[in-house]
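Engineer: Turn these sequences into a full structure, and let the hints steer you where they fit.
Just so you know, the protein sequences line up as chains A and B, in that order. Going by my numbering, 1436 is the number at position 56 of the first sequence; the sequence numbering is gapless. Going by my numbering, 89 is the number at position 81 of the second sequence; the sequence numbering is gapless.
Calculated directly from the structure, the hints in this document are not laboratory data. Watch out, some of these pointers could steer you wrong.
As the list claims (entries may be wrong) - Simulated restraints, written as ranges between beta carbons of each label pair:
| no. | chain 1 | residue 1 | chain 2 | residue 2 | range |
| --- | --- | --- | --- | --- | --- |
| 1 | B | Q30 | A | E1385 | 30 to 36 Å |
| 2 | B | E80 | A | S1392 | 40 to 46 Å |
| 3 | A | S1406 | B | P83 | 31 to 37 Å |
Since the structure is predicted, the reported quantities are computational estimates derived from the model, not experimental observations. Cβ coordinates follow ideal geometry from the N, Cα and C atoms, glycine included.
What follows is the residue order along each chain.
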Amino acid sequence: GENVEQHPSTLSVQEGDSAVIKCTYSDSASNYFPWYKQELGKRPQLIIDIRSNVGEKKDQRIAVTLNKTAKHFSLHITETQPEDSAVYFCAASGGGSEKLVFGKGTKLTVNP
Amino acid sequence: NAGVTQTPKFRILKIGQSMTLQCTQDMNHNYMYWYRQDPGMGLKLIYYSVGAGITDKGEVPNGYNVSRSTTEDFPLRLELAAPSQTSVYFCASSQTYNEQFFGPGTRLTVL
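Structural biologist: Following this line, the structure appears as structure tokens:
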């Protein structure tokens, strides 16, 4: 089955800096890669997703890149703000499965 | 739309007790999921359903049961609660290969 590895587990940046979180997946048939943000005590919420027919997707300060050959995808947050502080999860699914397999999460702290 | 709703928000169980966690969605999604999230950890899939009358096991199904008699409801049953089932439980729904919408979660403690 699918296995998703996420790095780093914690990330601390200064306000205004960029943050990058990386994930690798094992199943070459996976074709859907969402990123979720979870604030303390809240539910996970989708912030951006990408499908395997696209190499990059942007939404304001957030971007995701996908390298199908290397089987990895990354979340890029530019001009970080304190409200970006949260736990971020990557996930992968596809190959005929509706199941999402999640990474273990990255705790991002943006210091003012 | 209320989205995905879960009840109760909090519950404390004694070892060996049973309970049902309720999940309802009003988005007419075919797919529904139950996850557990242990402190500082990611989300692990317990059970999922691709439509009414169809359920399947996820990564960690032991100690749990589900049913899906309607499109809207997907209850999770805990039989003989154990301390290892102390966790936050999230229900989610989606329409095929699209965004999964999560409920607010149920925080369960088994003592």
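Engineer: Of the hints given before, which are not true for this structure?
Structural biologist: none
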